[in-house]
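*Asks:* Same order as they appear, the protein sequences are chains A, B and C. In terms of the working numbering, the first sequence opens at residue 2 and continues consecutively. In terms of the working numbering, the second sequence opens at residue 3 and continues consecutively. In terms of the working numbering, the third sequence opens at residue 52 and continues consecutively.
One should not assume that every hint holds.
As the list claims (entries may be wrong) - Straight-line alpha carbon distances no greater than 20 Å define the calculated SDA-like cross-link-like pairs of lysine to any residue that follow:
(1) C:Lys85 with C:Lys317
(2) C:Lys560 with C:Gly596
(3) B:Lys12 with A:Pro98
(4) C:Lys560 with C:Ala597
(5) C:Lys392 with A:Gly34
(6) C:Lys392 with A:Asp37
(7) C:Lys392 with A:Arg127
(8) C:Lys560 with C:Asp434
(9) C:Lys317 with C:Asp248
(10) C:Lys392 with A:Phe64
(11) C:Lys112 with C:Pro431
(12) B:Lys12 with A:Thr143
(13) B:Lys12 with A:Asp37
(14) B:Lys12 with A:Trp32
(15) A:Lys210 with A:Thr143
(16) C:Lys317 with A:Trp32
(17) A:Lys210 with A:Leu129
(18) B:Lys12 with A:Asn104
(19) C:Lys392 with A:Glu29
(20) B:Lys12 with A:Arg127
(21) B:Lys12 with A:Gly173
(22) C:Lys85 with C:Gly65
Said to hold, decoys possible - Label pairs and their calculated CB-CB ranges:
(23) C:Ala718 with A:Arg24: 51 to 61 Å
(24) C:Pro785 with B:Asp55: 38 to 48 Å
(25) A:Ala105 with B:Arg10: 14 to 24 Å
(26) A:Gly77 with C:Ala680: 33 to 43 Å
(27) B:Arg10 with C:Gly681: 26 to 36 Å
(28) B:Arg10 with A:Glu151: 13 to 23 Å
Said to hold, decoys possible - Here are some chain B residues the structure puts well away from chain A; computed CB gaps all over 12 Å:
(29) Leu27
(30) Pro28
(31) Val48
(32) Glu49
(33) Asp50
For the record, the hints were derived by calculation from the structure and aren't laboratory data. Ideal Cβ positions, reconstructed from N, Cα and C, are used throughout, including at glycine.
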Amino acid sequence: MKFGVVQFPGSCDDEDALHACARVGDAELLWHGERDLRGVDVVVVPGGFSYGDYLRVGAIARFSPLMEAVIEFAEGGGPTLGICNGFQVLCEAGLLPGALLPNAGVRFLCRQVDCEVVNTDTPFTRGLKREEILSMPVKHTTGRYYAPAEELAVMEQHGQVVLRYAGANPNGSSNDIAGVSNRDGNVFGLMPHLEHAVDPIHHSEDGLKLLVSAAGMVTGV
Amino acid sequence: MRARVLVRPKAGILDPQGIAVERALPALGFGGVSNVHVGRLIELDVEDTSQLDDMCRRLLANPLIEDYEILEAPSHAPA
Amino acid sequence: MSEIALTPTPNPPGVEQAVALGLTRDEYALVTEKMGREPNEVELAMFSLLWSEHCSYKHSKKLLRTLPTVGPRVVMGPGENAGAVDIGDGWTIAFKVESHNHPSAVEPFQGAATGVGGILRDIFAIGARPIAVLDSLRFGEPDSERTRYLLDRAVAGIGHYGNSVGVANIGGEVYFEAPYETNCLVNAMALGLARRDDMIRSAAAGLGNVVILFGASTGRDGIGGASVLASAELGDEDESKRPTVQVGDPFAENKLIRCSLELLEKGLLVSLQDLGAAGLTSSASEMASAGAVGIDLDVGKVPLREADMAPFEIMVSESQERMLCVATPERVAEVLAVCAKWEVHGTAIGEVTDTRTMRILRDGEIVGEVPVEALVDDCPLYDLAPEKPSAPLYPAPRATIAADLPVRDTLLALLASPNVASRRPLFEQYDCLVGGRTARRPEESDAAVLAMPTGGAIGVSIDGSGRRVAIDPYHGTIEVVLECAANLACVGAEPLGLTNCLNFGNPEKPHIAWQLTESIRGLGDACRALGVPVVGGNVSLYNEGADGPIYPTPVIGMVGDIPDPLGGSPSGFVREGDAVGFAGWNTMPSLHGSELAKLRGEALPDALPETDVAHVTTVLAAIREAVRAGDLSSCHDVAEGGWLVAMAEACILGGLGADLGSESSVALTDEILFGEQPGGFIVSGSAETLARLGEKIPLDVFGTVGGDALVLGGDSWSLDELREAHGALAPLFP
Chain A
2 MKFGVVQFPG SCDDEDALHA CARVGDAELL WHGERDLRGV DVVVVPGGFS
52 YGDYLRVGAI ARFSPLMEAV IEFAEGGGPT LGICNGFQVL CEAGLLPGAL
102 LPNAGVRFLC RQVDCEVVNT DTPFTRGLKR EEILSMPVKH TTGRYYAPAE
152 ELAVMEQHGQ VVLRYAGANP NGSSNDIAGV SNRDGNVFGL MPHLEHAVDP
202 IHHSEDGLKL LVSAAGMVTG V
Chain B
3 MRARVLVRPK AGILDPQGIA VERALPALGF GGVSNVHVGR LIELDVEDTS
53 QLDDMCRRLL ANPLIEDYEI LEAPSHAPA
Chain C
52 MSEIALTPTP NPPGVEQAVA LGLTRDEYAL VTEKMGREPN EVELAMFSLL
102 WSEHCSYKHS KKLLRTLPTV GPRVVMGPGE NAGAVDIGDG WTIAFKVESH
152 NHPSAVEPFQ GAATGVGGIL RDIFAIGARP IAVLDSLRFG EPDSERTRYL
202 LDRAVAGIGH YGNSVGVANI GGEVYFEAPY ETNCLVNAMA LGLARRDDMI
252 RSAAAGLGNV VILFGASTGR DGIGGASVLA SAELGDEDES KRPTVQVGDP
302 FAENKLIRCS LELLEKGLLV SLQDLGAAGL TSSASEMASA GAVGIDLDVG
352 KVPLREADMA PFEIMVSESQ ERMLCVATPE RVAEVLAVCA KWEVHGTAIG
402 EVTDTRTMRI LRDGEIVGEV PVEALVDDCP LYDLAPEKPS APLYPAPRAT
452 IAADLPVRDT LLALLASPNV ASRRPLFEQY DCLVGGRTAR RPEESDAAVL
502 AMPTGGAIGV SIDGSGRRVA IDPYHGTIEV VLECAANLAC VGAEPLGLTN
552 CLNFGNPEKP HIAWQLTESI RGLGDACRAL GVPVVGGNVS LYNEGADGPI
602 YPTPVIGMVG DIPDPLGGSP SGFVREGDAV GFAGWNTMPS LHGSELAKLR
652 GEALPDALPE TDVAHVTTVL AAIREAVRAG DLSSCHDVAE GGWLVAMAEA
702 CILGGLGADL GSESSVALTD EILFGEQPGG FIVSGSAETL ARLGEKIPLD
752 VFGTVGGDAL VLGGDSWSLD ELREAHGALA PLFP
């Protein structure tokens, strides 16, 4: 199976995401300027500062030609993952509910955090157990997940909250949310950088589990 | 014509940048300051001002978390 | 030889303008002699920059030539944009440290940010992919509002630039001392990874080859001093003509890095050079000098951000995120295509010639013409006139604790002091992970560790010293080098090379000249003793104001190799029941120049005790071997505050207490507990492995890891109260 990692001008964690995916299946970079998803099975929108975070995080990236193809893929049920800036792009593109706001502490924060798995019905979490704790790092200025109260209630009810911060909430997100999915569960966005939790030198290899899960769904394992 | 768009964080949502500024001002000796919010100003020359609303909703602001206000500014006249 | 017009220049700016731009009268006379006539506006601007201290190193070059620069692992030494060392398997690590002190004092966010941008460009200019940065910061005492502002903004600027450009910030240091109040120090170090065969030099070559400027457009950034020439025009004119502070755009730099690396990967370039201080002037002329060629530049072709820029402005602009390269005419189209892909400007602006002259043209007309040798190589080098000061140069630090404070309170006061407390509120603002190579993060071990494609790793540390170098520039500088090597030893790294940034006051003053001369002498001796070559560095002079000079501050960056990325020992205790020991010292430490002496407000003493460098070298090697063998659960170098502070840090960082015994065979004086000298380590491990170490170097085993308190003699400190004291910097970042 093949992962496709989107690359915008300003993406920083695209190569780390590519290497992480390559541990689990085939993986290639998809250039923002082309509309071609090259037959990948899972699309990954990585972290970084696409377009310098100009205007609003993810606001410009979401209109790139490749994103048109990604939107079509996601709306057709394709497994789609957004990490940090990728999460922001997916929210701006309307593929995920809510938005990401500046951290409650205002400053950029890089810290290892524990997240609890809340929903195991997505391609990325089907291989995990509910309440399982994943240790992964966050590193962001604009990671505070927000949705209006009514929408949040609906999301909670429909199992769209996929990950919650288990220890301290690093950015003040609503309901301690660290990751959410769309209603169908095939699109998943999370703030923690799973690609920095895949190697013995990384403190934890919990991030791999999310990728292995998705690969398993594609290959039917 | 020269348009200006003010983009503000929606009322009721925590605005930590506004709070940071509100805290910094008294430290510099400015009292009596409250209710500070930090937003964004976008200025642009447009031929068709009727398109501005659409521009705001689709790109310049995120209506979920921001309010926008379209101001009209007099166009720059050469000296 | 060039055909320089021997006819006199009409309306030359003249010697007074030259002096206003920073040249001496003698230097102006020399310029005129080498040109065969007086320089015009453009030519004078070029000389004033290339012959400035910053570009020419005219007061320090003779001393710097005494440093050892040769070593078996050196791939690039001083003279290129950065130094580089071989780490095996055809891979090299490029690295360098640079200062951005004066801009940061004016505008700390952009000054610090553009400092990071500039040092990164030096790294990818030699074909290395930037993989990490470290920073060394010095400010006044944090009770000053100005210091808090500078600290907050400088950290924010470094974070903003490094995080956005996508290079991990893996380590650093920050110190607070009164002499830096009006002259803060911001030194930025960067590392890059390259295949040895893919590295590129800056020498322009090939008659008829094309000079291409790529990156951001050119505006009036940084045209501070040089625009004194235009000061008559600036009066009450249009605001938009005013010179501006250099503003960095990390997004532009991210694209520039990707573009440059792709150009190199595709083998499209003959040479590459970054634009930094003095912009196009220094970049192009240094390329020409290195290649022993000439360059013709047409400033009319430079993409401009502002209209109506004069030729001299275009030549001296310090607009950020720009590079200069040379390509053969056949490859130019491909070069420009790569630039277009990465959405950066790419413009052919000149040509390599055999005239050995820099010719500046605009609309086909020559507006400036300077012999390259005169500009780059012939700046006079000065001898310093050092004189040891007869009276103290620096006032005693202000006391913040009583001299007779009991040990219990003294330890907490030291842990909470600005130079010791945890730097977590700073480094959590930096992305230390991007690139996926970081095996040891800040506060995990004494040096940062990055996994390498060789299967091994490198250890990196940046360390400087001010107050102790002020006391004794020669011995103080030796101590800094040893401190840096000690941090590397804790992660099992063997030093491969060193970069240095020398931050000093005005070298034309005899006592500052003495500080610089003695410090460089100490640096050279320490490098020779350790067998570590200097591969590059930077000098920042004239760091002084009305209140006097800064402490003389050498900052050292060192890179070492490690066989196993997981092999470095953490700083903090790891396992209950481990034996705790103190290793290294064979002499009593002293409180002279210590952090405790500073807190007590003691005047600076006349000298530092001499370090037994041979002994410390032996200790470092033994520690390194023990770490590599996996013998040490934890290893933490003893620095500010002495060994009891280091012990407390090992408890805090490991989240484990230590019982060091309620009785002591030796009276625990302040000298013993808080005295400072190089080559001491807090180590933990099994009794057997510590005993092995103890056969090679002095080692006292006297405690056990465990519990939730540090116990020594009649004193006990809970982990909670140690942590609370150690968290003292948090209020500086509300």
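*Asks:* Does each hint fit the structure? Answer for all of them.
*Replies:* Structure-based check of all given hints:
Distance hint between Lys85 of chain C and Lys317 of chain C is unfulfilled; the C-alpha atoms sit about 41 Å from each other, more than 20 Å. At roughly 13 Å between alpha-carbon atoms, Lys560 of chain C and Gly596 of chain C fall within 20 Å of each other, so this suggested pair holds. For the hint pairing Lys12 of chain B with Pro98 of chain A, the CA-to-CA distance comes to about 17 Å; that is within 20 Å, so the pair holds. For the hint pairing Lys560 of chain C with Ala597 of chain C, the CA-to-CA distance comes to about 14 Å; that is within 20 Å, so the pair holds.
The straight-line distance between the Cα atoms of Lys392 of chain C and Gly34 of chain A is roughly 10 Å, inside the 20 Å bound, and the hint therefore holds. Of the pairs offered as hints, the one joining Lys392 of chain C and Asp37 of chain A holds, with about 17 Å between alpha carbons and a cut-off of 20 Å not exceeded. The hinted pair formed by Lys392 of chain C and Arg127 of chain A fails the criterion: a straight-line CA distance of about 39 Å is larger than 20 Å. A threshold of 20 Å between alpha carbons decides the hint, and for Lys560 of chain C with Asp434 of chain C the separation of about 12 Å falls inside it, so the pair holds.
Of the supplied pair hints, the one linking Lys317 of chain C and Asp248 of chain C holds, its CA atoms being roughly 13 Å apart against a limit of 20 Å. Proposed proximity of Lys392 of chain C and Phe64 of chain A is supported: the alpha carbons are some 18 Å apart, at most 20 Å. Pair hint Lys112 of chain C plus Pro431 of chain C holds up; C-alpha atoms about 10 Å apart against a cutoff of 20 Å. Using a Cα cut-off of 20 Å, the hinted pair Lys12 of chain B and Thr143 of chain A holds, with the two alpha carbons roughly 16 Å apart.
Proximity of Lys12 of chain B to Asp37 of chain A is assessed by CA-CA distance (about 37 Å); at most 20 Å being required, the pair is judged violated. Restraint check for Lys12 of chain B and Trp32 of chain A: not satisfied, since their Cα atoms lie roughly 34 Å apart, outside the 20 Å limit. The hinted pair formed by Lys210 of chain A and Thr143 of chain A fails the criterion: a straight-line CA distance of about 25 Å is larger than 20 Å. Proximity of Lys317 of chain C to Trp32 of chain A is assessed by CA-CA distance (about 18 Å); at most 20 Å being required, the pair is judged to hold.
With a C-alpha separation of about 7 Å, the suggested pair Lys210 of chain A and Leu129 of chain A falls inside the 20 Å cut-off, and the hint holds. Simply put, Lys12 of chain B and Asn104 of chain A have alpha-carbon atoms about 16 Å apart, close enough for the 20 Å limit, and the pair holds. A C-alpha spacing of about 19 Å is found between Lys392 of chain C and Glu29 of chain A, which places the hinted pair at or below 20 Å, so the restraint holds. For the hint linking Lys12 of chain B to Arg127 of chain A, the alpha-carbon distance of about 36 Å lies beyond 20 Å, and the restraint is violated.
Between Lys12 of chain B and Gly173 of chain A, the direct Cα distance comes to roughly 17 Å. Compliance with the 20 Å bound is thereby established for this hinted pair. Of the supplied pair hints, the one linking Lys85 of chain C and Gly65 of chain C holds, its CA atoms being roughly 15 Å apart against a limit of 20 Å. Remark: the range hint 51 to 61 Å for Ala718 of chain C to Arg24 of chain A is upheld by a beta-carbon distance near 58 Å. Pro785 of chain C and Asp55 of chain B have their C-beta atoms about 39 Å apart, which keeps the hinted 38 to 48 Å range intact.
Take Ala105 of chain A and Arg10 of chain B: their Cβ atoms lie about 19 Å apart, and the range 14 to 24 Å holds. Checked against the hint of 33 to 43 Å, the pair Gly77 of chain A and Ala680 of chain C fails, with Cβ atoms roughly 57 Å apart. In this structure the hint that Arg10 of chain B and Gly681 of chain C lie 26 to 36 Å apart at CB is violated, the actual value being about 58 Å. At about 22 Å, the CB distance of Arg10 of chain B to Glu151 of chain A agrees with the hint of 13 to 23 Å.
Residue-level check passed: Leu27 of chain B sits 15 Å from the nearest beta carbon of chain A, beyond 12 Å. No beta-carbon of chain A comes within 12 Å of the beta-carbon of Pro28 of chain B; the shortest separation is about 17 Å. For Val48 of chain B, the requirement that its beta carbon stay farther than 12 Å from each beta carbon of chain A is met, with the minimum near 17 Å. Every C-beta of chain A lies more than 12 Å from that of Glu49 of chain B, the closest at about 21 Å, which supports listing it as non-interface.
Non-interface status of Asp50 of chain B relative to chain A is upheld: no Cβ of that chain comes within 12 Å, the nearest being about 20 Å off.
Of the numbered hints given earlier, the model fails hints 1, 7, 13, 14, 15, 20, 26, 27; all others are met.
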